[in-house]
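**Student:** Sequence:
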Amino acid sequence: MKVAIVIGHTKFKQGAYSRDLDTTEWKFNKMVAAHLKDIATIFYYDSYNLGYTSMVKRNAKKINTGNFDLVLELHFNAAESKQANGCEALYYFKNQKGKRLADFFCNLIEKKMGRKNRGAKALFGKHQRGFAAVFYPNPTTLILEPFFGTNRSDANAFRDYKSIESYVSVIKETIKKFSYEV
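So our numbering is basically just the index in the sequence shown, starting at one, shifted up by 23.
It should be emphasised that the hints constitute simulated quantities derived from the structure, not laboratory data.
Predicted model only: the values in this text are computed from it and were never measured.
Glycine residues also receive a C-beta, built at the ideal position from the N, C-alpha and C atoms.
Incorrect hints may appear among the rest.
Keeping only pairs whose Cα atoms sit at most 27 Å apart, straight-line, the calculated DSSO-like set for lysine-lysine is [what the hints assert, rightly or not]:
(1) K185 - K200
(2) K134 - K85
(3) K185 - K139
(4) K120 - K195
(5) K122 - K134
(6) K144 - K36
(7) K117 - K80
Quick list of the computed label-pair ranges, beta carbon to beta carbon [to be verified]:
(8) R175 - N72: 29 to 37 Å
(9) D183 - F147: 35 to 43 Å
(10) G137 - K80: 32 to 40 Å
Using the sequences and the hints, build the whole thing.
**Tutor:** This is the structure:
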């Protein structure tokens, strides 16, 4: 089974900033992906220059020619309210394997990392943030949002090496679960 890990955002537009972790989504997830390179191929978005959808389509084209079975795009969430917390996983609404896997991931984050389970969220239209990322790749694709970087408790649960290892083990278990369903 072939797995692609996509680092959300780009080197020049790094996504949300977590004050409590003193890092961006891109830097945090690049570090997480380094722990997964033995079981997955790592992809980086190149540039937003021609727009978000064009960037996603370019990346999806590379993924689609690589015969991958699963794509996991790594992010963390952010909100105006510092009270917003918990885990979400986004999937393409017509993909039932994606829904089951998104539920599995969120349940594992809740169980192993003690984060609130906000659940699997279906993306069903191009007006929704992240839709292109789950729509254009041919393989089952999830956007993983394990915590809110803007919530101190959530961020602290992902602060140290041990917690990163726990998160990596959740991703690996999610991949293993998918491999049994293929």
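**Student:** Next, verify each hint and record whether it holds.
**Tutor:** Cross-check of the supplied hints:
A threshold of 27 Å between alpha carbons decides the hint, and for K185 with K200 the separation of about 22 Å falls inside it, so the pair holds. The hinted pair formed by K134 and K85 fails the criterion: a straight-line CA distance of about 34 Å is larger than 27 Å. Note on K185 and K139: the hinted pairing holds, with a Cα-Cα distance of about 19 Å set against a maximum of 27 Å. For the hint pairing K120 with K195, the CA-to-CA distance comes to about 17 Å; that is within 27 Å, so the pair holds.
Restraint check for K122 and K134: the C-alpha separation of about 18 Å stays at or below 27 Å, so the hint holds. As the CA atoms of K144 and K36 are separated by approximately 25 Å, the hinted pair is consistent with the 27 Å bound. Straight-line distance between C-alpha atoms of K117 and K80 comes to about 19 Å, which keeps the hinted pair within the 27 Å bound. The beta-carbon spacing between R175 and N72, approximately 35 Å, falls within the hinted interval of 29 to 37 Å.
Against the hinted window of 35 to 43 Å, the Cβ-Cβ separation of D183 and F147 comes to about 37 Å, which satisfies the hint. The hinted window of 32 to 40 Å between G137 and K80 holds, with their beta carbons roughly 37 Å apart.
The structure fails hint 2 only (numbered hints given earlier).
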